[in-house]
Amino acid sequence: MYVKQISVFIENTPGRLADFTKVLEDAGIDLVSLSIADTTNFGILRGIVADPEKARETLAQHGYTVKVTDVLAVCVPDRPGGLAGILEKLAEKNIALEYLYSFVRKAGDHALIIVRVDQPEEAVRVLTDAGIKLLSQDEVRAL
Amino acid sequence: MEHMIWNPTMECMPRDQLRALQDDRLKDVVRRVYESVPFYRDKMQKLGLTPKDIHGVADIELLPFTEKQDLRDHYPYGMFAVPQSEIVRIHASSGTTGKPTVVGYTSGDIDRWAEMMARSMYCANIGKNDIVQVAYGYGLFTGGLGAHYGAERVGASVIPISGGNTTRQLMLIQDFGSTALCCTPSYALNLAEALQAEGITETKLKSGIFGAEPWTEAMREKIEEMLHIDAINIYGLSEVMGPGVSVECMCKQGMHIWEDHFLPEIIGENKESLPFGERGDLAFTTLTKHGMPLLRYRTHDLCTLTDEPCACGRTHVRMGRVMGRTDDMLIIRGVNVFPSQVEHALLQVEGIVPQYQIVVERQGTLDTMEVQVELSPEFMSDTVRDMEALERRIVNSIAAHALVHATVKLCQPGAIPRSEGKAKRVIDKRML
Ligand SMILES: [Zn+2]
Numbered sequence: 000m001y002v003k004q005i006s007v008f009i010e011n012t013p014g015r016l017a018d019f020t021k022v023l024e025d026a027g028i029d030l031v032s033l034s035i036a037d038t039t040n041f042g043i044l045r046g047i048v049a050d051p052e053k054a055r056e057t058l059a060q061h062g063y064t065v066k067v068t069d070v071l072a073v074c075v076p077d078r079p080g081g082l083a084g085i086l087e088k089l090a091e092k093n094i095a096l097e098y099l100y101s102f103v104r105k106a107g108d109h110a111l112i113i114v115r116v117d118q119p120e121e122a123v124r125v126l127t128d129a130g131i132k133l134l135s136q137d138e139v140r141a142l
Numbered sequence: 000m001e002h003m004i005w006n007p008t009m010e011c012m013p014r015d016q017l018r019a020l021q022d023d024r025l026k027d028v029v030r031r032v033y034e035s036v037p038f039y040r041d042k043m044q045k046l047g048l049t050p051k052d053i054h055g056v057a058d059i060e061l062l063p064f065t066e067k068q069d070l071r072d073h074y075p076y077g078m079f080a081v082p083q084s085e086i087v088r089i090h091a092s093s094g095t096t097g098k099p100t101v102v103g104y105t106s107g108d109i110d111r112w113a114e115m116m117a118r119s120m121y122c123a124n125i126g127k128n129d130i131v132q133v134a135y136g137y138g139l140f141t142g143g144l145g146a147h148y149g150a151e152r153v154g155a156s157v158i159p160i161s162g163g164n165t166t167r168q169l170m171l172i173q174d175f176g177s178t179a180l181c182c183t184p185s186y187a188l189n190l191a192e193a194l195q196a197e198g199i200t201e202t203k204l205k206s207g208i209f210g211a212e213p214w215t216e217a218m219r220e221k222i223e224e225m226l227h228i229d230a231i232n233i234y235g236l237s238e239v240m241g242p243g244v245s246v247e248c249m250c251k252q253g254m255h256i257w258e259d260h261f262l263p264e265i266i267g268e269n270k271e272s273l274p275f276g277e278r279g280d281l282a283f284t285t286l287t288k289h290g291m292p293l294l295r296y297r298t299h300d301l302c303t304l305t306d307e308p309c310a311c312g313r314t315h316v317r318m319g320r321v322m323g324r325t326d327d328m329l330i331i332r333g334v335n336v337f338p339s340q341v342e343h344a345l346l347q348v349e350g351i352v353p354q355y356q357i358v359v360e361r362q363g364t365l366d367t368m369e370v371q372v373e374l375s376p377e378f379m380s381d382t383v384r385d386m387e388a389l390e391r392r393i394v395n396s397i398a399a400h401a402l403v404h405a406t407v408k409l410c411q412p413g414a415i416p417r418s419e420g421k422a423k424r425v426i427d428k429r430m431l
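Sequences listed follow chains A and B, in order.
Note that numbering that gives the first Met the number 0 has the first sequence beginning at 0, numbered continuously upward.
Note that numbering that gives the first Met the number 0 has the second sequence beginning at 0, numbered continuously upward.
A hint or two may mislead.
[Unchecked claim] Chain B side only, calculated, beta carbon under 8 Å to chain A, not exhaustive:
#1 Leu-374
#2 Met-379
#3 Asp-381
#4 Met-386
#5 Lys-408
#6 Leu-409
#7 Ala-414
[Unchecked claim] Pair by pair, the computed Cβ-Cβ distance ranges are:
#8 B:Ile-330 with A:Ala-90: 50 to 58 Å
#9 A:Glu-121 with B:His-404: 36 to 44 Å
#10 A:Lys-105 with B:Asp-327: 57 to 65 Å
#11 B:Asp-110 with A:Thr-12: 46 to 54 Å
#12 B:Glu-212 with A:Ala-26: 33 to 41 Å
#13 B:Thr-165 with A:Ala-95: 39 to 47 Å
Derived by calculation from the structure, the hints in this document are not laboratory data.
None of these values were measured; they are calculated from a predicted model.
Glycine residues also receive a C-beta, built at the ideal position from the N, C-alpha and C atoms.
All chains should be built: construct the whole structure from the sequences, respecting the hints.
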């Protein structure tokens with residue numbers, strides 16, 4: 000129950016990000032979710048798209064270095080402490096969180112977050128056992 | 000191992016006979032430049048020399064040096080030793096600053112160059128049964144035409160595709176069944192990666208002759224492993240002739256300098272001619288060139304020479320890999336740094352393809368060195384931690400190999416500008 004995330008290396012020079020979004024737009028690729036981790040020199044842009052393989056190919060053709068990674072798309076219960084509950088479940092099992100970011104779109108009444116952990120299989124089991132819904136690639140595509 | 004030798008009489012000549020031949024040819028070239036090139040006549044007269052004072056190679060230190068600047072000062076034709084009517088070809092080297100240096104060839108020069116490139120082809124086991132893809136640039140640059148004439152001379156089928164257009168290169172490698180490749184080592188790596196990206200594992204390639212830029216043993220290993228070929232190092236410079244001044248044989252233990260045509264010297268810091276084995280600045284006297292002969296031309300390539308016998312049977316001296324350039328040696332906070340050391344450091348960090356550029360700046364009184372490295376796809380990670388670890392590994396490797404602290408900046412592929420397949424390795428902003 001993973002979702003494919005594309006990660007793209009972006010130099011921290013003016014216009015790079017604009018160029019990147021233009022490439023996706025021209026190819027008709029819609030970014031469903033986006034986050035940027037940056038350092039002084041470079042940024043790693045992470046995003047969820049409907050068709051990650053097409054996005055990878057298109058970006059590679061335009062000279063971008065792209066990596067596709069499995070991440071979890073987690074439905075966060077819409078009540079106080081919803082997110083904390085999920086993180087606690089992972090922490091209890093010593094599953095380390097690499098990063099997380101939220102979705103722009105919602106799945107029904109639920110907020111959505113993208114979670115990258117060091118033990119994805121274990122994380123899927125823990126969260127599913129706790130009754131937390133994870134979205135599949137198809138469900139993300141349908142958003 | 001079976002060694003193909005194009006001209007055994009000359010290439011395997013006993014060293015005492017070779018020396019006698021060089022003595023005669025040196026006297027001849029000195030006489031020719033004295034009579035026909037005002038620059039050399041003036042220089043010799045100022046030194047109180049006439050051609051009669053030069054009896055052979057033993058007198059080489061009496062003769063004046065030639066610097067690249069001398070060629071620029073006599074731009075375009077001032078160093079030619081024959082009338083224009085005798086010149087059949089003109090090449091020019093891309094000057095990094097200002098005017099290029101211009102070289103003229105007589106038909107005899109072109110013939111001798113083809114002969115030396117034919118020897119070079121045989122050195123790399125390339126003969127008439129081969130299909131040679133020449134992916135060096137054709138034009139003012141000597142690489143393309145030099146390789147072309149040599150491959151034709153041995154009777155190979157030559158594909159004069161020139162540099163660039165990787166998609167087309169891959170197509171011809173597959174469809175034309177190229178067995179040998181001539182280009183810069185960085186472009187060879189480029190092609191190897193492109194083949195890999197296309198999922199092409201089988202080609203008919205067996206040999207490659209690579210030169211026109213410094214490279215390392217690590218790079219050779221990578222090219223050989225990726226393309227399943229013997230990667231042979233070739234050396235040359237347009238001022239002296241072009242590619243084929245020296246080339247490795249299949250022993251891959253240094254490049255044989257064709258000493259019946261060139262007299263090499265290693266020049267020390269006090270401008271003395273050093274014995275074999277010592278490291279210094281490589282200089283050439285052209286013994287048989289007629290269009291633009293040169294006396295003791297300083298290449299500013301740092302290397303060593305050896306006259307130890309080679310297993311291939313050739314007697315001509317071998318030069319080691321160029322370890323750097325004495326004129327683009329960088330001094331960073333008192334440390335001598337050669338771009339080749341940085342390249343070596345990059346290669347040690349597993350998998351890094353050396354498209355890189357060194358940028359030196361002065362901030363206040365402190366010199367800073369930044370090494371920009373294009374990121375290879377296999378090193379891409381979705382976490383900042385991994386990418387920063389990669390930067391740190393490169394910083395540490397440079398510190399270990401070049402003994403200098405550099406900052407490292409990862410760049411997107413293609414971010415470092417290239418010209419004729421070569422990336423400009425050093426940008427020294429301190430001089431601007
Ligand atoms: Zn040899």
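A quick look at each hint next to the structure:
The restraint placing Leu-374 of chain B at the interface with chain A holds, with a minimum CB-CB distance near 5 Å, inside the 8 Å limit. Against a cut-off of 8 Å between C-beta atoms, the interface hint on Met-379 of chain B holds, since the closest Cβ of chain A lies about 4 Å away. For Asp-381 of chain B, the suggested interface contact is upheld, since its CB lies about 4 Å from the closest CB of chain A, less than 8 Å. Checking Met-386 of chain B against chain A: minimum C-beta separation of about 7 Å stays under 8 Å; hint holds.
Look at Lys-408 of chain B: its Cβ gets to within about 5 Å of chain A, closer than 8 Å, so that hint holds up. Contact between Leu-409 of chain B and chain A, as hinted, is supported at the beta carbon level, the nearest pair being about 6 Å apart and thus within 8 Å. Satisfaction of the interface hint for Ala-414 of chain B is found here, the shortest Cβ-Cβ separation to chain A being roughly 7 Å, below the 8 Å cut-off. Distance hint check for Ile-330 of chain B and Ala-90 of chain A: the Cβ-Cβ separation is about 53 Å, which falls inside the suggested range of 50 to 58 Å.
Between Glu-121 of chain A and His-404 of chain B the Cβ separation comes to about 41 Å, which falls inside the hinted range of 36 to 44 Å. Restraint check, Lys-105 of chain A to Asp-327 of chain B: a C-beta distance of roughly 59 Å satisfies the suggested window 57 to 65 Å. The hinted window of 46 to 54 Å between Asp-110 of chain B and Thr-12 of chain A holds, with their beta carbons roughly 51 Å apart. Taking the beta carbon of each, Glu-212 of chain B and Ala-26 of chain A are about 36 Å apart, inside 33 to 41 Å as hinted.
For Thr-165 of chain B and Ala-95 of chain A, the Cβ-Cβ distance of about 41 Å falls inside the hinted range of 39 to 47 Å, so the restraint holds.
Of the numbered hints stated above, none is contradicted by the structure.
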